[in-house]
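Protein chains: 2
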Amino acid sequence: MVSDADALKQLRWQEQVADKRKRQQAAIPKEWLIPPVPEGQTNVADVPRSCGLLTDRELEITEVSDVTVLLQKLAAGEWSALEVTTAFSKRAVIAHQLVNCLTEIFIDKALERAAELDAYLKKHGKPMGPLHGLPISLKDQFKVKGLETTMGYAAWIGKYAEEDSVLVKLLLQAGAVLYVRTNVPQTLMWGETHNNVFGRTLNPYNLRLTPGGSSGGEGALIALHGSILGVGTDIGGSIRIPAHFCGVYGFRPSSHRMPSYGVVNSLDGQESVATAFGPLSSSLSGVTTFIRSILAQEPWRYCPSAIPKPWSQDDYSLKAHGEGTRLCFGIMWDEGTVKPHPPVLRALEVTKKALEAAGHSVIEWKSLRHSEYIDVTRSFWLADGSADYNSCLTTGEPLIHSMEPDADPNVIPDFRIPRKPLSAYEIWQLNKERRELRKHLLDRWQATASSTGTGRPIDALICPPAPYAAVPHGQKRSSIYTLIWNTVDYPALIMPVTKVDPKIDVKPVRESFWSAEDEHVHGMYDPEIYKDMPVGIQLVGPTLQEEVVLGVGKVVDTVLSSSGHK
Amino acid sequence: MVSDADALKQLRWQEQVADKRKRQQAAIPKEWLIPPVPEGQTNVADVPRSCGLLTDRELEITEVSDVTVLLQKLAAGEWSALEVTTAFSKRAVIAHQLVNCLTEIFIDKALERAAELDAYLKKHGKPMGPLHGLPISLKDQFKVKGLETTMGYAAWIGKYAEEDSVLVKLLLQAGAVLYVRTNVPQTLMWGETHNNVFGRTLNPYNLRLTPGGSSGGEGALIALHGSILGVGTDIGGSIRIPAHFCGVYGFRPSSHRMPSYGVVNSLDGQESVATAFGPLSSSLSGVTTFIRSILAQEPWRYCPSAIPKPWSQDDYSLKAHGEGTRLCFGIMWDEGTVKPHPPVLRALEVTKKALEAAGHSVIEWKSLRHSEYIDVTRSFWLADGSADYNSCLTTGEPLIHSMEPDADPNVIPDFRIPRKPLSAYEIWQLNKERRELRKHLLDRWQATASSTGTGRPIDALICPPAPYAAVPHGQKRSSIYTLIWNTVDYPALIMPVTKVDPKIDVKPVRESFWSAEDEHVHGMYDPEIYKDMPVGIQLVGPTLQEEVVLGVGKVVDTVLSSSGHK
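From first to last, the protein sequence lines are chains A and B. For what it's worth, full-length UniProt numbering labels the leading residue of the first sequence as 1, then goes sequentially. For what it's worth, full-length UniProt numbering labels the leading residue of the second sequence as 1, then goes sequentially.
It is possible that part of the hints are untrue.
A pair holds if it fits inside one copy or across any two, identical chains being indistinguishable in the list.
Claimed, not checked - Restricting the straight-line Cα-Cα distance to at most 25 Å, the calculated cross-link-like pairs of lysine to aspartate or glutamate (DMTMM-like) are: (1) 73 - 408; (2) 319 - 116; (3) 439 - 148; (4) 432 - 298; (5) 145 - 31; (6) 503 - 349; (7) 366 - 519; (8) 30 - 372; (9) 432 - 148; (10) 159 - 406; (11) 309 - 443; (12) 309 - 19; (13) 145 - 436; (14) 432 - 268; (15) 22 - 108; (16) 145 - 433; (17) 507 - 526; (18) 123 - 323; (19) 507 - 349; (20) 319 - 298.
Worth flagging that the hints you see were computed from the coordinates, not collected in a lab.
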């Protein structure tokens, strides 16, 4: 029995959502609307190029992948901030029409800002900061003064921010232009992107597949070159899964390296495994430029939990890592319970061969105790017995229990059944468990020094970002491969390496399985479903060694490029 | 009614304590026993010098205050590690007989180690590390392989450590000699030092007063020159209160700057306001040498929560703070609810005048929202409803409810009544509150840039370490003045400045009070009780800026010395 009050409430949130979507639609200039893609076309990656809306110049601008190149042209005044912002805004809006990746669209503000930056450059003869004129997209958690921050909750419609998030403030200080925010899943705690306010985001390489999540709007937008650099958040893989699924670079720094203050979040206040804030970009230079530019603004002067650790050029140039020559990598083929699909293993194999051919070495790293990592981290996430989610669902908006398009909303799958709330004392005990796991890993990492041949521990660890490339909507399983690095707070970089090729990546015959989950994931593989989907690798280093991971990343990226794998 | 089982249990823990004390006594060489001090003598500070047990050479060695001087003589082989260790061991044992400051006494091991170090120096012609031959005392939380770690709990008697704490490992790696561990209060959560295993530690300047706590054994030992450098822990003032009460230097670094792994603790796993690990010393050089030596060992390679932030000589030399000239200090005379006693205010006044005379400036800092700091932090500490304490009191040993010598053990004072346990979700909400308080403080700190005249925010903040000097046993009240810096995780240094002088520090007439606590604390003041007790100041800087606080501390120390206040 639905009471009248409930029915009214139900109506009201749906009306609010309808109004919100109408306002979102109104933010799109009419002349930037494109016709729908033909029924049955699943790959829309080329539509921004082929739809005819972008001028040649706009195409030239938006198809730059290397952020450094774009920044140089902006700083030199070769391209104005206004034309760059216009180009990316148009392309972002095109992308949105294809894959539903945006939440807030605020192009007017962006163009105004871009004009100010152009005037600044003209007047002062120098750029405003290291990100002068660069359009940057933001996941729907970063508050921008005067804009709503809904984070996919109906109850948050109409919550206008009175202040910028610290990270937003620093981006503006560095000269960036903000123009769009991007879609997320309800509660953020999914590896896909769908909510009751903005709906579902699709993968541009195959609309039937998910772009991943929770920073799925960013992944899809950047893959379509509607943004060259975006900011996401990651508590279990939320930057890295979309980066891997959409074929872009994504970096999860350590939790407190980037400023977190003033960002809206799910499970806010849960600090045992804390959210990390980091970039997604079409180039590694975008990732590195972002981290360096933020650190140059001394975020610890604005955010109380940002660690005052300036950018270290010595670390980035791998001074203590043989200057980047003859590195030794660990390689973890799997985490022991779920074997990755053939294209994922091939991406690792390709990387290993390319590194060895370039004079580096690669040693095996065996996954140990990873199931304990998962147990501890899930216990933290679920410690409130859903109190946080419930506090955000005050409008009658239902909690989404599945990312499957046709899921019965009343069926709660096992893994989403709320747990009994934990006590503070139980959290203390879990913190101790996590500490032991971190110590165990650190000791193992340090102990590799005896087998690398360099006198040092491994310089970085290479591992899969997930057991598969982008999966059909609703099919994303647990995020083991990314989550493990959140548990120990290790920085982790996703780099695109290859695409699924059904000719090479044939389905193997397997007669025995490591676990029920392993069997299920094996069953999901059909080369034709995943055809042409991007596949990346994950590169990991110890806590707060962001510069080392990025420096080693550059070595790997260069090696892969020069061996023809980019 | 006491059941037979309970009576037996009761007997058993008391027998274990008696046995433990017997073993402790047996660890003291008989020839190092001294006669008891005459009845009625309250100041024993001179006894080590006057008792005749120490040779002139041993007096010369142990009365060096400056750790750098001692290290130079050790490194040069001018004094052998063996004679230095012998001298400090003898003096520590004398101190223990006077003020009951030790727990584990392991002089045999220490002398063996010292001999090895001497042999090393002879063989290699260079010291083993930056702390070569330096005897270092440890609070009773730092595990040393093969020794018991009781931390004042009867139930922990017989718990022999299988491994060194990481900090112990690094001290040994740096060449230190370990020889004694020092006393703590039961549960650690007191500003005094008394437990059922080792009993009460006394203040060497007045046995009727407390040395403070929880690192009270360290404070008393160092005041008597039974140690030149010791290691304590601080979650609400536990390094700083004893430093202030005993007239030594004490430094609470930020929580994760020093390695914490492998240390036994109270409320273990409570990470919202995390324990900090730091030194107490008879000199500022001792404090600085400790921090620098530990960081030089790269603690993050051994401890998973140690932040990989190397020692910054630029920060220590105040490169970004005008190279230490024309600094601007904030001064906080009180925290707004409890006015400090006259000698504490005089220590601030003396410091202010000396700094101004040396060309620095001092501006007022008003305490804001400090009662919220206290509320949040106490809520974290008490979140388990005493589950942690209870898990350590399995022998029938009673929980101590008061530090008063004659307290009725059955009366539980209001502030020690266990609270209702909190849920994980409630902890999340408290974490958010703490974040807002930290942001509020950071913004205020940064905003001082407009009034310092240096173009920078204040270079450090000067404030009282407590509203009083050392108080009679059982009279230590809440630790507001130290605890506030734990809440926000700011590094804080205690520096001795003066002593209570009843002629100058007369009791003021006050007609109105800021709070009931203010009135109570005012009522505690009688210049004759506090006569000759040391009084320090507290110097505070932003999170993880240890080098800056130590660098500014050096400026203050030099100014105070050259103006005759040391």
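When no copy is named, should residue 73 and residue 408 be tagged within, between, both, or neither for a Cα gap of at most 25 Å? neither (51 Å within a copy, 79 Å between copies)
Is the C-alpha distance from residue 319 to residue 116 at most 25 Å within one copy, between copies, in both cases, or in neither? Neither. Shortest intra-copy (40 Å) and inter-copy (35 Å) distances fail the 25 Å Cα cut-off.
Please work out whether the CA atoms of residue 432 and residue 298 approach to 25 Å or closer within one copy, between two copies, in both situations, or in neither? between (32 Å within a copy, 22 Å between copies)
Check residue 309 against residue 443 for me: Cα-Cα at most 25 Å, and say if that holds within a copy, between copies, both or neither. Answer is both; intra-copy 24 Å and inter-copy 19 Å each pass.
Check residue 432 against residue 148 for me: Cα-Cα at most 25 Å, and say if that holds within a copy, between copies, both or neither. Between copies only: 21 Å across, 39 Å inside.
What label fits residue 145 with residue 31 when the C-alpha limit is 25 Å: within, between, both, or neither? Classified as neither: same-chain Cα gap 27 Å, cross-chain 75 Å, threshold 25 Å.
Check residue 432 against residue 268 for me: Cα-Cα at most 25 Å, and say if that holds within a copy, between copies, both or neither. Both ways: residue 432 and residue 268 sit 21 Å apart in one copy and 7 Å across, limit 25 Å.
Intra/inter-copy verdict for residue 145 and residue 433 if alpha-carbon distance must be at most 25 Å: between (40 Å within a copy, 22 Å between copies)
Checking an output row: residue 366 and residue 519, CA cutoff 25 Å. Within, between, both or neither? So residue 366 and residue 519 pass the 25 Å test inside one copy only (21 Å; across, 64 Å).
At most 25 Å between CA atoms: does that hold for residue 123 and residue 323 within a copy, between copies, both, or neither? neither (41 Å within a copy, 35 Å between copies)
From the Cα coordinates, with 25 Å as the cut-off, is the pair residue 22 and residue 108 best called within, between, both, or neither? Answer is within: at 17 Å inside a copy they meet the 25 Å cutoff, but 81 Å across does not.
Between the shortest in-copy and the shortest cross-copy C-alpha distance, which are at most 25 Å for residue 507 and residue 349: within, between, both, or neither? within (17 Å within a copy, 79 Å between copies)
The structure shown violates the earlier hints numbered 1, 2, 5, 8, 10, 12, 18.
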